[in-house]
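Residue numbers (the working numbering), protein chains in the order written: chain C, 91 to 555; chain R, 91 to 555.
Take the hints with a grain of salt, since some may be wrong.
Because identical chains cannot be distinguished in the list, a pair is counted as satisfied if it fits within a single copy or across any two copies.
Straight-line distance between alpha carbons at most 30 Å, and here's what the computed DSBU-like set of lysine-lysine pairs gives [to be verified]:
| no. | residue 1 | residue 2 |
| --- | --- | --- |
| 1 | LYS165 | LYS113 |
| 2 | LYS180 | LYS169 |
| 3 | LYS118 | LYS180 |
| 4 | LYS336 | LYS113 |
| 5 | LYS361 | LYS336 |
| 6 | LYS180 | LYS165 |
| 7 | LYS118 | LYS169 |
| 8 | LYS113 | LYS163 |
| 9 | LYS92 | LYS485 |
| 10 | LYS487 | LYS180 |
| 11 | LYS397 | LYS180 |
| 12 | LYS113 | LYS135 |
| 13 | LYS118 | LYS537 |
| 14 | LYS470 | LYS452 |
| 15 | LYS515 | LYS92 |
| 16 | LYS470 | LYS397 |
| 17 | LYS498 | LYS470 |
| 18 | LYS135 | LYS397 |
| 19 | LYS230 | LYS180 |
| 20 | LYS485 | LYS118 |
| 21 | LYS113 | LYS180 |
Keep in mind the hints are simulated off the structure, nothing from the lab.
2 protein chains.
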Amino acid sequence: MKKEEDFSEWYNEIVEETGLTDKRYPIKGMNVWPAYGWKTMLLIKTAIRREFDSRGHDEVYFPMLIPEDQFQKEKEHIKGFDAQVFWVTKAGSNDLDVNLLLRPTSETAMYPVFSLWIRSHADLPLRVYQIVNTFRYETKQTRAFIRVREMQFIEGHTCHATFEEAEAQIEEDLDIMRSVAADLCIPYRVIRRIEWDKFPGAYYTIGVDTMLPDGRALQIASIHQYRTNFSVPYEIFFEETDGSRKPVHQTTYGMSERMLGAVVAIHGDDKGLVMPPAIAPIQILVVPIPAKGNAESIYAEARKMAKHINSHGLRAHADERDIRPGNKFYYWERKGVPIRLELGKREIDEGFVTAVRRDSGKKTRISTSELIRELGILLKDMASSMLKRAEEEVKSKEFDVHDPSAIKDGYNRMQWCGAEQCGRKIEELSGASLLGTVSGEKCSGGKCVICGTATDNVVYVAKTM
Amino acid sequence: MKKEEDFSEWYNEIVEETGLTDKRYPIKGMNVWPAYGWKTMLLIKTAIRREFDSRGHDEVYFPMLIPEDQFQKEKEHIKGFDAQVFWVTKAGSNDLDVNLLLRPTSETAMYPVFSLWIRSHADLPLRVYQIVNTFRYETKQTRAFIRVREMQFIEGHTCHATFEEAEAQIEEDLDIMRSVAADLCIPYRVIRRIEWDKFPGAYYTIGVDTMLPDGRALQIASIHQYRTNFSVPYEIFFEETDGSRKPVHQTTYGMSERMLGAVVAIHGDDKGLVMPPAIAPIQILVVPIPAKGNAESIYAEARKMAKHINSHGLRAHADERDIRPGNKFYYWERKGVPIRLELGKREIDEGFVTAVRRDSGKKTRISTSELIRELGILLKDMASSMLKRAEEEVKSKEFDVHDPSAIKDGYNRMQWCGAEQCGRKIEELSGASLLGTVSGEKCSGGKCVICGTATDNVVYVAKTM
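Bound conformation, chain C alone:
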């Protein structure tokens, strides 16, 4: 299946064929992670962990089950999740006195404990994150990494003395996003969600959206300013220096396996996956090209070369299987390995190796003595080319649109007065969603596409995954 012809089918095929996921598990929307997919996901988690750790956030772990009564303390929150929750009602042969739910996200698991952890201003800021499995009973069609019922999730939770400090945390979250997206070579937009599309219980929600090849937007992360919406019902109070008792201000930051879905969708091509170097389980493949009689020594050289590369902190693999080199090329191209090194007798004799880039197919001759340095440059160049190409593709999918019934595949920017009824009307006419507004993007002298009221407000509209 070609990506251009049927993106959706292409995606569904490639994620399974390349060993990223196995959808044959007997529960809908709960997929198996085979080794190649799981290694990639672990590398994404490692990249995110590095960003949190280096900024002084602490990794923690809260239980997966939440008692029903804890869950119900914040009213908007439960309304938002009620239909999506899996319930544990029995253990052994006993009916439970209090039903337990599988975390869809961990606010209601953490906040009763935060109220014990935080006593005074000296306990603030509290900045923790966890890397966990979460559960949502999705009733829409499921899709690997993008809409699943058990989701790999990274959630940051912070508590601050003031609203301003919480706002500063959100700025830091956006720094983290910049670094992680650079690793994934993924362009994204920071979009403030419309009031009626906020996270349940949030004061405001920022969506981090990326644009998929079929012109649909995909939220890959979200950042929420809670103000004191949770800290009041969960009684997370602190004593100020002046002795007064105040609720903390909270933020959260969520990222998920959707990031992997975006990587597949944005970078993959008709030959298969294209793995961003930072998260490629194998960055460099070494393929021995034996001729008659010298197979053993060429294989040994290839093995040696992979070992040498690994000792410098890169991830290399020598494919020593007894199949033709062409089959190896095809196999690993499909899995998206960034760089292939071809090593035959002539290369060994003359002290070089032929490097082939997965994204461009471009061949380079690298002197063996410069191998590590040159591989570093190649990987870096490949990452920036991947990001650049993706950015150009997004640019070709941005439109200023005046007629909501004539939207295109991609981001449709429209002027909107901000009234809910006009917003709902845009969604009705376009059959798409209001993603929200982008900070700083205004258009002076325009009029709302629905009611005609003068406004400089610009809203992003797109179909979503």
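Use these hints to put chain R onto chain C, whose structure you have.
Relative to the frame of chain C, chain R by itself:
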């Protein structure tokens, strides 16, 4: 609370006071992992991951929920777990058609998929592992890390063409155990479980037991030979080179957060935890000792020293809090940091630092120019002293016992004919459990302590946690 006086109370206090766990979560046996505990657990997982990866096992991830009908295929297995399972019966407001259970272990999640993955002998051996949360509805008294309802679990699963290859895998598992136990500085015994104490569905079970200070044995890992007990009902067959279809031979290997419980129990003392260097979140604490007027420069030197140590792959932390050095000593001693470095004006002027070992309290003067090398030696020495001390303690708790009603705290070796009724009688008279037999440990010319039949068979008997 002193460890000698009331081990159980001492343990319960210390795990919470030092930030390894927080038991105030509102579900019994499901505890919160605060940063210090979680970092330690992550380091244990990292050590285990390294052992599996270096031997070519692949890390994977299978869904947490298992459909009831899959679970019921192996009859012994379900009998063993039936009373311990948490059941999801509802999602949103719907009753599920097929109830789902929270994995107590993942045989029944994995094996239906293995039957799809394995087609021919070329697909063997299959060797995978996963690092997950598992769930058991424990009805006995819970205890942090030792008996919990949500457990951090590492499970290895392998499939082989023959029984012999599966046996060889079990030998490899024991190699892995040796390396991991060396990191934890924990002595252990490899004990083959009695027939009626096997893992549900296993052909035989090997328990890896350690001895706690109160004389109770704690199983910290287990290895199971399944033969074809699961592969037949789950239809995991492969095509042999001769075209015949055969069930695979399987093994599993389970390790859990009990390893952390054992570390606390075995190494901790009345001052607090003693962290084995390999899994200590902070291996080296740098404490600036300021005098009047020079605080700032001493703090800066301490920070620089910690940074320098970290850049060499060790884990150091400079405590720059504005509290007295003595309070810092106490605080970090309690958390078990292996080495404390004290850095004052005299040390800086003369180019040395004072190192204090957590296990022995021994002070050493280290030249700054030799710092990294000397720290490496100190950490290594400390690890071997910790293991040696623990081994000596275990030796003092080994007894050859002839009267089952007079057992002691520790390992009680008894002669036993092997008959179930005699075994049950030993348990009844001793109020303890038959752990099983140790390969190679025989005692010729003896008699069963119950029936008097001549036997050279030796069984280990102990109270268990």
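Outcome of the hint check:
| no. | hint | result |
| --- | --- | --- |
| 1 | LYS165 <-> LYS113 | between (35 Å within a copy, 27 Å between copies) |
| 2 | LYS180 <-> LYS169 | both (24 Å within a copy, 17 Å between copies) |
| 3 | LYS118 <-> LYS180 | both (22 Å within a copy, 15 Å between copies) |
| 4 | LYS336 <-> LYS113 | between (49 Å within a copy, 26 Å between copies) |
| 5 | LYS361 <-> LYS336 | neither (58 Å within a copy, 36 Å between copies) |
| 6 | LYS180 <-> LYS165 | both (25 Å within a copy, 21 Å between copies) |
| 7 | LYS118 <-> LYS169 | both (24 Å within a copy, 27 Å between copies) |
| 8 | LYS113 <-> LYS163 | between (36 Å within a copy, 21 Å between copies) |
| 9 | LYS92 <-> LYS485 | within (22 Å within a copy, 68 Å between copies) |
| 10 | LYS487 <-> LYS180 | neither (50 Å within a copy, 42 Å between copies) |
| 11 | LYS397 <-> LYS180 | neither (52 Å within a copy, 51 Å between copies) |
| 12 | LYS113 <-> LYS135 | both (22 Å within a copy, 27 Å between copies) |
| 13 | LYS118 <-> LYS537 | neither (46 Å within a copy, 59 Å between copies) |
| 14 | LYS470 <-> LYS452 | within (15 Å within a copy, 49 Å between copies) |
| 15 | LYS515 <-> LYS92 | neither (36 Å within a copy, 71 Å between copies) |
| 16 | LYS470 <-> LYS397 | both (21 Å within a copy, 27 Å between copies) |
| 17 | LYS498 <-> LYS470 | neither (34 Å within a copy, 65 Å between copies) |
| 18 | LYS135 <-> LYS397 | both (25 Å within a copy, 25 Å between copies) |
| 19 | LYS230 <-> LYS180 | both (27 Å within a copy, 17 Å between copies) |
| 20 | LYS485 <-> LYS118 | neither (36 Å within a copy, 53 Å between copies) |
| 21 | LYS113 <-> LYS180 | both (28 Å within a copy, 23 Å between copies) |
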